[in-house]
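Residue numbers (our numbering), protein chains in the order written: chain A, 1 to 117; chain B, 1 to 114.
Note that these hints are calculated values from the structure, not bench results.
Derived DSS-like pairs (lysine-lysine); straight-line CA-CA distance at most 30 Å: (1) A:Lys41 - B:Lys113; (2) B:Lys55 - B:Lys70; (3) B:Lys70 - A:Lys41; (4) A:Lys41 - B:Lys78; (5) A:Lys41 - B:Lys73.
Computed from a predicted structure; not experimentally measured.
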Amino acid sequence: GAVVSQHPSWVICKSGTSVKIECRSLDFQATTMFWYRQFPKQSLMLMATSNEGSKATYEQGVEKDKFLINHASLTLSTLTVTSAHPEDSSFYICSARSEDRDGQPQHFGDGTRLSIL
Amino acid sequence: AQTVTQSQPEMSVQEAETVTLSCTYDTSESNYYLFWYKQPPSRQMILVIRQEAYKQQNATENRFSVNFQKAAKSFSLKISDSQLGDTAMYFCAFASHNNNDMRFGAGTRLTVKP
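Bound-form chain A, shown alone:
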């Protein structure tokens, strides 16, 4: 089945640093990837839609200068949290659109737990 790899799975860093999270579709090409954020005991909230070769589309209230998204190839999208602060600590999940393979229109990565000290 389609596999999406997300890396790293857990990162702890100091306040003020930038953190990059990678999302890769391993066995299919994904022209569209999605980035979600999930706070403890809450639902997934869509942050942005990443399209290969073009600028990402951000949801209302999401700072595009804070959360930089790059989708330079058909198998890789990256999310960079710039100058991270404790309030950015959260669980970040990516998904890749798979053109409805295997009955699943999106395949999810296993998520990245980000902790900012």
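Put chain B on the given structure of chain A with help from the hints.
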């Protein structure tokens, strides 16, 4: 904009019994997809079942089935013969036909008791 509502923050059920999780949604579209995802403590998103709006027949996957009421915009999940491994957060989700994004409900935490 589409919204998804899960009105049951928490549910519990005895092992081997049946439980139904509720979900309603709001959309002006006529063709779309609905999903139930399971998120165990590992936080992986696991697709449980999916329904295409143009199909009248309710989807079933082994012990999992849905009651899809398009006119009422309702999409409930029934879990039969509940197992301890079913304990998890369950999210109802909506996706447009063009699948540009997916909207999730707030989730229901299900606990299966031995």
